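J.: Here is how the chains run, residue by residue.
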Amino acid sequence: MPSNSVHPPSDELLRVDNLKVHFPVSGGGLFSKTTLSVKAVDGVSFALNRGETLGLVGESGCGKSTTGLAILRMLPLTAGRIHFEGKDITAQDARRGEFRQRMQMVYQDPYGSLNPRMRVRDIIGEPLTVYNRAENRSDYEDRIAGLLKTVGLLPDMADRYPHEFSGGQRQRIGIARALALEPSLLICDEPVSALDVSIQAQVVNVLMDLQDRLGLSYLFVAHDLAVVRHISHRVAVMYLGRIVEIASRDDLYQRPLHPYTQALMSAVPVADPEIERNRPRMVVTGEVPSALKPPPGCRFHPRCPMVMDVCRTVDPVLNEMGDARSVACHLHAQPVHLIRNAVPEAVSA
Amino acid sequence: MTTPLLQVRGLTTRFRTERGTVKAVDNVSFDVAPGETLAIVGESGSGKSVTALSLLRLIPNPPGVIESGEILFEGKDLTKISDAEMRAIRGNRIAMIFQEPMSSLNPVLTVGMQIAEPINVHRGTPWSKAMEAAKALLEKVRIPDAAKRLDTFPHQYSGGMRQRAMIAMALACKPRLIIADEPTTALDVTVQAQILDLLKELTRETQASLILITHDLGVVARYADQVAVMYGGRIVEQAAARDLYKNPRHPYTRGLLSSVPRLDGDTSKRLVPIEGQPPDLSRLPAGCSFAPRCKQASSECLKQQPALRERAPNHLSACILDAIQ
Numbered sequence: 074m075p076s077n078s079v080h081p082p083s084d085e086l087l088r089v090d091n092l093k094v095h096f097p098v099s100g101g102g103l104f105s106k107t108t109l110s111v112k113a114v115d116g117v118s119f120a121l122n123r124g125e126t127l128g129l130v131g132e133s134g135c136g137k138s139t140t141g142l143a144i145l146r147m148l149p150l151t152a153g154r155i156h157f158e159g160k161d162i163t164a165q166d167a168r169r170g171e172f173r174q175r176m177q178m179v180y181q182d183p184y185g186s187l188n189p190r191m192r193v194r195d196i197i198g199e200p201l202t203v204y205n206r207a208e209n210r211s212d213y214e215d216r217i218a219g220l221l222k223t224v225g226l227l228p229d230m231a232d233r234y235p236h237e238f239s240g241g242q243r244q245r246i247g248i249a250r251a252l253a254l255e256p257s258l259l260i261c262d263e264p265v266s267a268l269d270v271s272i273q274a275q276v277v278n279v280l281m282d283l284q285d286r287l288g289l290s291y292l293f294v295a296h297d298l299a300v301v302r303h304i305s306h307r308v309a310v311m312y313l314g315r316i317v318e319i320a321s322r323d324d325l326y327q328r329p330l331h332p333y334t335q336a337l338m339s340a341v342p343v344a345d346p347e348i349e350r351n352r353p354r355m356v357v358t359g360e361v362p363s364a365l366k367p368p369p370g371c372r373f374h375p376r377c378p379m380v381m382d383v384c385r386t387v388d389p390v391l392n393e394m395g396d397a398r399s400v401a402c403h404l405h406a407q408p409v410h411l412i413r414n415a416v417p418e419a420v421s422a
Numbered sequence: 534m535t536t537p538l539l540q541v542r543g544l545t546t547r548f549r550t551e552r553g554t555v556k557a558v559d560n561v562s563f564d565v566a567p568g569e570t571l572a573i574v575g576e577s578g579s580g581k582s583v584t585a586l587s588l589l590r591l592i593p594n595p596p597g598v599i600e601s602g603e604i605l606f607e608g609k610d611l612t613k614i615s616d617a618e619m620r621a622i623r624g625n626r627i628a629m630i631f632q633e634p635m636s637s638l639n640p641v642l643t644v645g646m647q648i649a650e651p652i653n654v655h656r657g658t659p660w661s662k663a664m665e666a667a668k669a670l671l672e673k674v675r676i677p678d679a680a681k682r683l684d685t686f687p688h689q690y691s692g693g694m695r696q697r698a699m700i701a702m703a704l705a706c707k708p709r710l711i712i713a714d715e716p717t718t719a720l721d722v723t724v725q726a727q728i729l730d731l732l733k734e735l736t737r738e739t740q741a742s743l744i745l746i747t748h749d750l751g752v753v754a755r756y757a758d759q760v761a762v763m764y765g766g767r768i769v770e771q772a773a774a775r776d777l778y779k780n781p782r783h784p785y786t787r788g789l790l791s792s793v794p795r796l797d798g799d800t801s802k803r804l805v806p807i808e809g810q811p812p813d814l815s816r817l818p819a820g821c822s823f824a825p826r827c828k829q830a831s832s833e834c835l836k837q838q839p840a841l842r843e844r845a846p847n848h849l850s851a852c853i854l855d856a857i858q
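Taken in sequence, the protein lines are chains G and A.
Each residue of the first sequence is one higher than the last, beginning at 74 in my numbering.
Each residue of the second sequence is one higher than the last, beginning at 534 in my numbering.
If we strip away everything but chain G, and leave its shape as in the complex, we get (with noise of 0.2 angstroms):
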């Protein structure tokens, strides 16, 4: 229900061009000298608008959770270039660099990503201890009340430890936490997969009521397909290190383009045996190659059904498609488009 669906934000908060995060190992034998890379992501751009939510879904290793933690430069990047509320920030450090006050990380697991030693005030009110923010005792102490009444927790619980509560608590910890420096982006990497069926809606729903108050963008990494749809605006598909269909929410939901999507949409189950039985089933076969050695041609032509000659040697360049909505396959490539984007990438590729 992203209720500003209505007024589509427009400015543009954050560009992703180009971004590659490539990891080197050791290749071939104990003492063999080569390395390769595992190109954990390769070559992917979008951009964010304020007020937005991007969802970007794909199964494991297809460099979703990468791509969050390289725009928060928490891992070096190997080409590419990340502009930020208008400054190019591809330069800046990660530990002292401005825009990571705008920009914070929720994190998968509610367990692991709080400290079991500290308060709940003392997590939450970190980031104001580091950057300063608090101008005494009584402000810090105001804030954290603030911030805990925001996320639908209590005040008093600040003097609780992280154990005394439960996991979708734990997670509006640390929704609260990424909340103290009033960033205007958070990078929320799984934030409900970790949680019981029952609980996530909860957590859903505080983020979503955050975004609608405070006008946060969020870029919302997951596999879960339902979920991505309900809180997100658009939605990105990736697999193995690439982008492969982007577009709105409704558009990509109900008529995917790519053989890969429509492949995901149909394996996840809908929760109604009477429509399940009737609905269209495209299975694809075999699992996700090696991102070390990914297929020529088409990244996904090994599993895709409808493979073609061109698939298997030439790879398929992001076309525009309109609406907003950009395609990378051979089955939707307009030649028109093809000249136009080509060349960059065929080169690379």
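Hints listed in this document are in silico derivations from the structure and should not be mistaken for laboratory results.
This one's a predicted model, so the numbers in the text were calculated from it and none came from an experiment.
No residue lacks a Cβ here, since even glycine has one placed at the ideal position from N, Cα and C.
Treat each hint with caution, since some may be false.
What the hints assert, rightly or not - Subject to a maximum C-alpha distance of 27 angstroms in a straight line, what follows is the list of computed DSS-like cross-link-like pairs (lysine-lysine):
{"no.": "1", "chain 1": "G", "residue 1": "LYS160", "chain 2": "G", "residue 2": "LYS93"}
{"no.": "2", "chain 1": "A", "residue 1": "LYS707", "chain 2": "A", "residue 2": "LYS613"}
{"no.": "3", "chain 1": "A", "residue 1": "LYS662", "chain 2": "A", "residue 2": "LYS681"}
{"no.": "4", "chain 1": "A", "residue 1": "LYS681", "chain 2": "G", "residue 2": "LYS222"}
{"no.": "5", "chain 1": "G", "residue 1": "LYS366", "chain 2": "A", "residue 2": "LYS681"}
{"no.": "6", "chain 1": "A", "residue 1": "LYS779", "chain 2": "A", "residue 2": "LYS828"}
{"no.": "7", "chain 1": "A", "residue 1": "LYS707", "chain 2": "A", "residue 2": "LYS733"}
{"no.": "8", "chain 1": "A", "residue 1": "LYS662", "chain 2": "G", "residue 2": "LYS222"}
{"no.": "9", "chain 1": "G", "residue 1": "LYS366", "chain 2": "G", "residue 2": "LYS93"}
To be verified - Chain A stretches covered by chain G per the calculated footprint, using a threshold of three residues with CB under 8 angstroms from any CB of chain G:
{"no.": "10", "stretch": "637 to 649"}
{"no.": "11", "stretch": "837 to 843"}
Go by the hints and put chain A onto chain G.
T.: Chain A alone, transformed into the frame defined by chain G:
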């Protein structure tokens, strides 16, 4: 109705913990008909996995013990037979598929040996013949190049292939009942669909029954004939899958169905979460264990434990409000 293959009556499994004894499974009863797929759904701590382990007497003792109840399978009460008799059933008449294939496969034995072992043990088939059968099974679960794969080790398999090997192992002795405990939770969605389709197809082919344990309501809708919903160690609702999704009766089932976003759901509607959190089994309330989270709960719900009763034809629910209606 045909005679059930499995009848569970009043199964209660206790664990001794630092915080007192905990009834992980409390008075659970259900039947599984031949060839039928029963899904047991629930969240963590609901008792669904302990139920599965209890059926095979795989509860570590101590701290766990099957306190009471009957597990009637092919004319025997599995709670009463000797360990040797139980071993003859396990992996033979009843097979189990676990969630994490890497930790349930032996890392130092070839996959072929692990599939052949139950054939050798239960059937007395010589190893050479059993290995041939293992090759046929690997082909059946569609592992490419089965002959070569027979002599490789689990770490050389991908996650999906390991789970295929687990299925091959489970099918080795043509069991009448397969228990699959979250068999695809560790896998990606496209692989999950492949594995569950395969499991369903092979059980249909061999007319085996399947108990599918999961937390995913979509998986239940796609693969199950019958559904039992567990909460706080008890079954709170049980019905045919179509009936359960169409007319959920228990407030917990209704709550679950409306709190989980669906791929075809109405995105303009807010999700309705179930407030609170799943119960702590060591501190269950005296009455209905869902009452503290239930919007309709009355003071009566806190006093008495509701019985699981038939509220509509073949539709069981454990809610006292349902009885009043």
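J.: Decide, hint by hint, whether the structure agrees.
T.: Here is how each hint holds up against the structure:
no., hint, verdict
1, G/LYS160 with G/LYS93, "holds (19 angstroms)"
2, A/LYS707 with A/LYS613, "holds (24 angstroms)"
3, A/LYS662 with A/LYS681, "holds (16 angstroms)"
4, A/LYS681 with G/LYS222, "violated (61 angstroms)"
5, G/LYS366 with A/LYS681, "holds (22 angstroms)"
6, A/LYS779 with A/LYS828, "holds (21 angstroms)"
7, A/LYS707 with A/LYS733, "holds (14 angstroms)"
8, A/LYS662 with G/LYS222, "violated (68 angstroms)"
9, G/LYS366 with G/LYS93, "holds (16 angstroms)"
10, 637 to 649, "violated (count 0)"
11, 837 to 843, "violated (count 0)"
Of the numbered hints given earlier, the model fails hints 4, 8, 10, 11; all others are met.
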